[in-house]
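Protein chains in written order, with UniProt numbering: chain A, 1 to 475; chain B, 1 to 475.
Quick caveat, the hints were computed from the structure, so don't treat them as lab data. Honestly, I wouldn't trust all of these hints.
As the list claims (entries may be wrong) - Stretch-level coverage of chain B by chain A, calculated; a stretch enters the list once three of its residues show a Cβ under 8 Å from a Cβ in chain A:
| hint | segment |
| --- | --- |
| 1 | 229 to 238 |
| 2 | 386 to 397 |
| 3 | 451 to 461 |
Stated by the list, open to error - Coverage of chain A stretches by chain B, computed from C-beta distances (three or more under 8 Å per stretch; other residues unrestricted):
| hint | segment |
| --- | --- |
| 4 | 55 to 65 |
| 5 | 86 to 95 |
| 6 | 270 to 278 |
| 7 | 315 to 327 |
| 8 | 423 to 436 |
| 9 | 450 to 461 |
Beta carbons: idealized from backbone N, C-alpha and C, even for Gly.
Protein chains: 2
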Amino acid sequence: MSEAVEYDVVVLGGGPAGENIVDRTRAAGLSTALVESELVGGECSYWACIPSKALLRPALARADARRVPGLAGAVQGPLDTAAVLAHRNYWTGDWKDQGQIDWIDSIGAHVYRGHGRLYGVRKVAVTSPEGEHHILSARHAVVVATGTRAVIPDLPGIAGARPWTSREATSAQEAPGRLLIVGGSVVAVEMATAWQALGSQVTVLARGSGLLPRMEPFAGELVADALREAGAVVRTGVSVEAVVRDGSTGPVRVVLEGGEMLEGDELLMATGRAPRTEDIGLDTVGLPAGRWIDVDDTCRVPGHDWLYAVGDVNHRALLTHQGKYQARITGAVIAARAAGTPLDTAPWGAHTPTADTRALPQAVFTDPEAAAVGLTLAEAERAGLRVRAVDYDMSGVSGAGLYADGYKGRARMVVDLDREVLLGVTFVGPGAAELIHAATVAVAGEVPIQRLWHAVPSFPTISEVWLRLLETYRG
Amino acid sequence: MSEAVEYDVVVLGGGPAGENIVDRTRAAGLSTALVESELVGGECSYWACIPSKALLRPALARADARRVPGLAGAVQGPLDTAAVLAHRNYWTGDWKDQGQIDWIDSIGAHVYRGHGRLYGVRKVAVTSPEGEHHILSARHAVVVATGTRAVIPDLPGIAGARPWTSREATSAQEAPGRLLIVGGSVVAVEMATAWQALGSQVTVLARGSGLLPRMEPFAGELVADALREAGAVVRTGVSVEAVVRDGSTGPVRVVLEGGEMLEGDELLMATGRAPRTEDIGLDTVGLPAGRWIDVDDTCRVPGHDWLYAVGDVNHRALLTHQGKYQARITGAVIAARAAGTPLDTAPWGAHTPTADTRALPQAVFTDPEAAAVGLTLAEAERAGLRVRAVDYDMSGVSGAGLYADGYKGRARMVVDLDREVLLGVTFVGPGAAELIHAATVAVAGEVPIQRLWHAVPSFPTISEVWLRLLETYRG
């Protein structure tokens with residue numbers, strides 16, 4: 001093993017969170033190494049956000065076009081699946097990361113390709129694919145940003161059934177004839193939407209009582225309705241007990257609790273995520289392997305003043321944009337501590353990711369889109385806050401009806417009655433993914449309701465739902 | 001003439017502003033009469049926002065669909081113009097207002113159909129189409145909300161040329177073969193977009209150096225580029241000197257400064273608006289006829305403690321949503337004064353339309369959409385503020401590229417460097433109309449830049465342009 005190469009900061013994992021740490025520490029003039037065992041850019045660029053959105057956008061654009069008189073007739077036919085998949089391939093760079101490597105080079109950071117493991121305090125050992133070893137030492141910080149992997153439950157027969165995870169679902173080069181999807185969260189509903197539109201017969205099997213269980217209940221209801229209208233089968237409250245696949249080309253069967261058997265050509269297990277921390281040397285610094293990494297409000301690991309964890313791996317918020325946000329803030333934290341300048345860790349300060357708990361946004365690119373920020377009504381009530389939920393049927397908004405004939409959608413805002421600010425907002429309907437940022441600004445900005453009256457939505461936009469929500473609140 | 005019928009409030013003009021006054025004064029328990037000489041619902045419902053958006057949405061949805069691989073091939077053909085026009089007719093209620101009348105009835109206000117004129121202090125005289133006369137007297141307030149009409153310049157030959165105004169352009173029952181449009185503002189560019197997409201050959205003749213002169217210069221540039229790409233002719237810096245039309249079915253010709261002559265089948269004069277105040281009895285209370293009505297910061301006419309003017313007619317902001325906003329606030333003002341409760345007229349208070357000057361939003365439904373709120377750079381500089389404009393090419397946002405292949409768009413935020421808040425934001429690009437409300441919340445909410453860092457845009461949305469703007473500002 002060679003002598004240690006010293007950097008100010010060593011980052012383990014080159015997904016969006018890791019890349020943003022590098023961006024920030026380099027901007028602060030700190031020498032930085034990035035260790036990545038697969039593709040720089042991470043899950044988001046190759047097997048999640050980017051390819052899934054590339055698959056979904058044509059489905060959503062077609063759904064939008066079908067709701068427009070004068071245009072609808074032209075788009076009743078199927079999508080050109082080959083063109084959609086080719087475009088998806090383009091957006092993933094055909095699963096090559098040279099573009100990201102070039103960017104890292106351009107900002108003067110160093111990429112180590114290989115498996116990185118903590119190697120005691122302030123040290124990382126890297127084993128390259130060619131079997132070379134490097135020891136990197138970090139003057140100021142090691143940042144773990146290794147993300148998550150899909151969890152497949154240990155069902156009888158699962159190993160031989162070659163199930164898809166989000167990776168195969170986003171990178172498949174043809175549409176399966178029949179796609180069984182186990183799960184009801186974002187991956188399940190987005191991939192159901194995409195593949196049903198691309199020609200598969202999709203069946204969604206969700207264990208819970210509804211889809212999108214982390215959102216307001218109406219989100220999952222509207223998405224389930226629309227999936228069914230698109231021709232998918234959606235079943236909730238069902239539990240898969242076993243999986244059967246014979247040979248290498250045959251169909252796959254799932255056995256439900258009660259004995260019912262369903263057959264498909266592929267099986268997507270969208271059953272959750274686990275931290276990629278099994279084999280990154282956490283034991284060498286006295287931390288448990290295979291678990292989420294606990295962090296304080298600067299994303300630093302308690303008891304290890306040189307060790308940070310950002311992005312999915314710290315379990316604060318499993319979302320690309322939020323990992324990037326944590327990374328921007330933690331990058332500033334590391335730079336400030338390196339420079340010996342004081343931190344601002346008060347809520348909403350420059351050095352603590354307050355939005356993780358107070359204004360976490362999410363957009364689900366189904367038809368209809370579902371987007372939310374902050375607390376749901378149930379979450380706010382569980383937190384013991386005095387709140388009121390204000391609901392509005394978005395089909396009553398002129399701008400929505402003009403956007404899409406027969407617009408279906410629903411909005412909810414959760415008002416903190418003591419402070420008269422918004423704690424959370426949910427929009428479900430065509431276009432909701434771009435509507436939610438206004439709510440994110442209102443929630444993160446703690447803009448008083450009284451001031452929101454002066455934030456006038458343009459007529460006739462879908463955003464006029466804001467006026468209707470405020471009018472409904474006023475009663 | 002009959003004896004006066006007494007109401008708490010009499011509203012002259014049943015467009016969006018007038019209707020919202022009625023809504024608010026009725027909610028406060030004040031008896032209210034509404035006088036309307038044409039259709040209740042006003043210009044917006046029949047000859048502006050609603051029909052224009054109904055004409056434009058198919059054009060924009062088709063443009064969006066054409067930028068989506070796998071869908072683009074299906075939408076290369078023309079729109080079904082008859083279907084679009086029929087849908088537009090539906091949205092205008094075939095130019096009947098029974099739905100609006102029903103709503104007014106449902107809230108217990110009284111509609112007088114006919115021409116209303118002030119008739120001295122606190123009085124309005126109404127002449128119905130059948131020649132009946134009514135005198136209405138107002139205990140608390142008369143509100144003038146008569147709006148505007150199109151201005152047609154007095155060019156040689158114009159009278160015999162039967163030019164279109166916004167009314168004919170939004171209500172036409174077939175697409176003209178060749179449509180000449182004189183003007184470069186919102187009506188001109190929206191109608192150019194709609195009719196070019198619906199099959200007309202459009203020529204835009206703008207006097208100014210660019211289109212959309214009230215927005216940041218890049219808005220008009222991007223819209224002009226796209227109109228040209230769609231096949232329209234756009235000429236700026238040209239002046240129409242005369243108009244010629246022979247007979248009742250022949251073509252129309254315009255003569256440009258310099259003598260060049262252009263021919264079309266119809267001519268839209270989109271050359272500005274004038275207040276509808278010529279014949280509403282302003283002289284009976286000592287005010288000049290035919291002018292915009294000056295108001296104070298509660299929309300009350302100085303020197304007349306019973307007289308208000310809301311919406312276009314007060315010239316604060318010629319936009320439907322802003323007229324409605326003024327009406328909500330002025331309705332509250334009238335109710336408070338009637339009840340003898342104190343007003344909050346401090347900036348952003350409940351009783352003054354601060355957003356008219358500080359956070360005025362506008363969305364233009366062209367392809368690309370152009371939307372803005374607050375001050376442009378030039379306006380901020382003219383106001384003597386210490387500002388910085390932060391620009392971002394929206395094609396660099398992943399969510400934009402995934403939304404539309406080859407996305408073209410541009411964003412600008414104008415930062416007040418002394419207060420570190422946003423004074424104005426402009427977005428131009430597909431989807432911009434729904435992006436702007438986040439900026440409206442930020443500008444009206446005076447959310448500090450430092451806090452906007454915690455308003456995380458979801459990935460991958462077009463809204464991530466916010467992150468890029470903030471990063472660009474940080475430098």
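Do the hints match the structure? See the list:
no. : hint       : result
1   : 229 to 238 : violated (count 0)
2   : 386 to 397 : violated (count 0)
3   : 451 to 461 : holds (count 11)
4   : 55 to 65   : holds (count 6)
5   : 86 to 95   : holds (count 3)
6   : 270 to 278 : violated (count 0)
7   : 315 to 327 : holds (count 6)
8   : 423 to 436 : holds (count 5)
9   : 450 to 461 : holds (count 12)
Checked against the numbered hints listed earlier, the structure breaks hints 1, 2, 6; every other hint is satisfied.
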